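Each of the two chains sits in its own frame; use the hints to bring them together as a complex.
One line per chain: the protein sequences are E and H, in this order.
Start counting the first sequence at 719; every next residue gets the next number (our numbering).
Start counting the second sequence at 1308; every next residue gets the next number (our numbering).
It cannot be assumed that every hint is accurate.
Here are the computed lysine-lysine pairs in the BS3-like style, where the Cα-Cα straight-line distance is at most 30 Å [to be verified]:
#1 H:Lys1508 with H:Lys1450
#2 H:Lys1403 with E:Lys958
#3 H:Lys1333 with H:Lys1512
#4 E:Lys787 with H:Lys1333
#5 H:Lys1403 with E:Lys787
#6 H:Lys1403 with H:Lys1508
Just a sample of chain H residues kept apart from chain E, beta carbon distances all over 10 Å, derived [what the hints assert, rightly or not]:
#7 Glu1340
#8 Asn1350
#9 Glu1381
#10 Arg1424
#11 His1542
Which residues of chain H face chain E? A few of them, derived with a C-beta cut under 7 Å, are [to be verified]:
#12 Arg1344
#13 Pro1348
#14 Pro1430
#15 Leu1434
Note that these hints are calculated values from the structure, not bench results.
Just so you know, these numbers come straight off a predicted model, no measurement behind them.
Each residue gets a CB set at the ideal place from its N, CA and C atoms; glycine is no exception.
These are the residues of each chain, in order.
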Amino acid sequence: MGNAALRQLAALSEVSFDDLDGRVVAVDAHNWLYRYLTTTVKWTRDGVYTTSEGEEVANLVGIVQGLPKFFEHDLVPVFVFDGGVTELKDDEVAERREQREKAEEMLADAQERGDHIEAARLEARTQRLTSVIQETSRELLDLLDVPYVEAPAEGEAQAAYMARRGDADYVGSEDYDTLLFGAPLTLRQLTSSGNPELMSLDETLDEHDLTYEQLVDVGILCGTDFNPGVDGIGPKTALKLVREHGDLFGVLEARGEHVEFADRIRELFLDPPVTDEYEFDTDVDPDISAARSYVIEEWEVDADEVERGFERIDDALSQTGLDRWT
Amino acid sequence: MFQAIVSASTLRDALDSVSVLVDECKIRLNEDELAIRAVDPANVGMVDLTLDAAAFESYEADGGVIGVNLSRLEDIAGMANTGDLVHLELDEETRKLHIQIEGLSYTLALIDPDSIRQEPDIPDLDLPATIVVEGTHLDRGIKAADMVSDHIGLRVDEADETFHIEAEGDTDDVDLELGRDDLIDLSAGPADSLFSLDYLKDMNKAIPSDAEVTVELGEEFPVKLHYEFGEGMGHVTYMLAPRIQSD
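One chain only, chain H, in its complex shape (with noise of 0.2 Å):
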């Protein structure tokens, strides 16, 4: 049994959150929240998404598993207007998803969740920096980084208490340098990772603008980016493994 209905934005936030690196994902119908899990058929990129029964207008579920389309879900949630609320119905006995959005229903067929890919288990990091860090300063950061290079560096500076988010390219270098004044909060260690950009791109994207992100990073080590959306009802955590730092 699944009955909800939620704002068209914190769905639309949900969606673009996990659609940024699958294609399909099965969606858990917990009794108190939804959860998605997910990681990219290359092993690079994870997300490990729940959103609170709270963040909907009314929830109902009982531990349920659908699969489902993310962009066709997302064209969907995409016909509705910020303002609209969507409402979602499981038609156990068909295995569809009713959705109504305004006068407009929709019906999604869903996809058998054991065809999916398994549900990653979650690494096990105990990472040593810990960076609270505005999602406008990351954007810039990671912008500047895609003017020179595929690859970008997360780093602290633990001496000078700065979070550095730096790109070597051919020719040319970025160094976006982050002081403690710029920072929400920076808890220093030992960090200094690189990671694709693609990768860091995408999730980016799906980052709202006036989120807090929190950065968990390591030597070497895959970063956490931990964020909230849907008035903080909404968690989401990426994890991103690392590239190898040559020479």
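Here chain E stands alone, though its shape is the one from the complex (with noise of 0.2 Å):
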């Protein structure tokens, strides 16, 4: 996902948990789920995943193993959900569900065979935000009073647009094109066990000399969600090529080039469809009890995967911290 060629240009730092404190992140819920979605399941048998009717649960157990790491740190998450996909990403979904397709067939093929790691690393790539998912991932959330955004189209986007309005000062996500939907501060790795990653738009644009509108025809150059990018050109090129001709329709004349809708993917990262219809309250004030019997009873989640999450969610959230005094 995203635009990893992004990664050689990005201002990178680590950043210590310890400074965020009090902070709020703006996730993309879409991108932070798909990583528990794809790592839960690895190595692991399916039949811990999916309730007796078959329906996937690895969401919900990501969610109540995710969500500690933030409150212990006293960092407060605003899930940001995507809306309706963007016209232009039609394209990719549907190579996505291609390649889906093809891994499914791949896995079934494996599971004949009893390639067990094989059968598990196919796995983790079938794995998708299906409507069930999208749902108990929204109830379970409700149930722990942790915010969430719904976004008219891009996730990022909308996340990005909250963060360069102040009211988050981080965007969560793992991936690079947060740089271009022109988040300031990224946090990456927020699901990883050590300290995140810590990206700056303002000291990108700084290294490399760059306005913002420049930096998005890098990324465009380079190919992002909406765009297979340019061949022959890598983030070094794009960089040479944008500060040599200007932006990216210089570029793309002297090279004699074309870029399908380049317009319009543009428009996609300068001026996405973002909302000011969101409101949210950062005092979390969870059930855990009901989101206890959510998870276990109702979504026949085994209680060993998630009662230690649970322990750690009710811990950290009843402690306060000193600075409440001073």
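Structure representation (structure tokens):
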């Protein structure tokens, strides 16, 4: 997912969780959940993560196991869910679906052969946010009183917009595209065990002496979620070309290249569909016992998978900090 | 400039009280006292320590600040026998601390104080109840609570004029009741707060068993624990943030 070529240009630094105390992070919900859907299921039996009806519940396990980390560091997450799929992305969605179908075939094949490791790997790739996952994720967040926002289109774009307006201190995503959506500060690796990585838009622009619009053009030349990029142009070349020719169109003209819908792709980053119609309360007061029975009883998740997570959430949220009295 | 001689046991008591909360700290080498203030990374427990110049065999300092790795310094202090004297001398040039204990010389590399977490502001607390209790009583209550729960309640019963150290477990409960006769002093007021036992256990470890502990308490307020060491010339105040009591 996203634009890995941008990593070579992004200004990244490690930040300590301790320094994030009391901050708000707008988390790209799809991106965050996807990590848990792919890693939770990996190397394990699928039976644990589906109900007797065959519904997937790995998202619920992911939420319960992933949230404590935020609360233990007093970092408030606001999850931003994707809205309708952007028209231009249809191609990629179709392509992903095709890849997934292929992976599913290979998975059935591997299962037949009794190749468990290959099957587990393929299963990770066939994960997707089904309508059940969409619904149960929101219901569990409601019970845990964790705020979320519905984006009109791209969750990343909405999260970046909220951060630009100052309603969130950071965007949380693994995707380097948050830079192109204008997220001032992005926290990466929120699901890993170590400290997160901080990606700064201003520092990235300063480092390469680019304007934000030029960075978007560099991104489009390298390829984004919405376009495949121009053959033979990597991040360094794209940087050089944009500096030399001023913008995307100058580069394309000089090279005699063409990017389909270039105008509209640019617009999607520079002026994406976002909404002001959101509000959220960062004072989280969860109903742990209701959440527990939702996950364990209603959705048949093995208590062992989530008990520790619930305890950690409860513990983190009932402990106050001394800064409340200073 | 810093040059001091101190008994190993006083130095160890001072270091222990801070190391239960943080791994590194700044030490202020003031003219009339050595001072440390630190808060744990989660902002839940704080220590405010001073050791008067009079607690040292000799003490000369001019207000500098050094950063130290506490476990390293504790290890070195651990090389001394109880009656031994520890010589400390700061080399301003190399930013190293020379430590000498009975013929053993150790040169300790210091940490840049700017790289250590900022010293916290002390919470502004006006706590309604004050209990002065022997360290052994506190220790007994904490041990009992630890048998049943991860949390510990500290409460004053104003009517009975008693201090309670209590804990509710999943199945078992404990309550240590201390009346006026058991306590050194009690100034009753509305006081009932719940705390993480992990923190309180660690703080309790640093409190010498013969110490008198002054406990200042409120309702869902941080607790202040004050005690002295080094023959009354070392002063420690712990502050611990409460847990919100559910239901």
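Cross-check of the supplied hints:
no. : hint                     : verdict
1   : H:Lys1508 with H:Lys1450 : 8 Å, holds
2   : H:Lys1403 with E:Lys958  : 49 Å, violated
3   : H:Lys1333 with H:Lys1512 : 22 Å, holds
4   : E:Lys787 with H:Lys1333  : 28 Å, holds
5   : H:Lys1403 with E:Lys787  : 38 Å, violated
6   : H:Lys1403 with H:Lys1508 : 33 Å, violated
7   : Glu1340                  : 23 Å, holds
8   : Asn1350                  : 4 Å, violated
9   : Glu1381                  : 23 Å, holds
10  : Arg1424                  : 7 Å, violated
11  : His1542                  : 19 Å, holds
12  : Arg1344                  : 12 Å, violated
13  : Pro1348                  : 5 Å, holds
14  : Pro1430                  : 4 Å, holds
15  : Leu1434                  : 11 Å, violated
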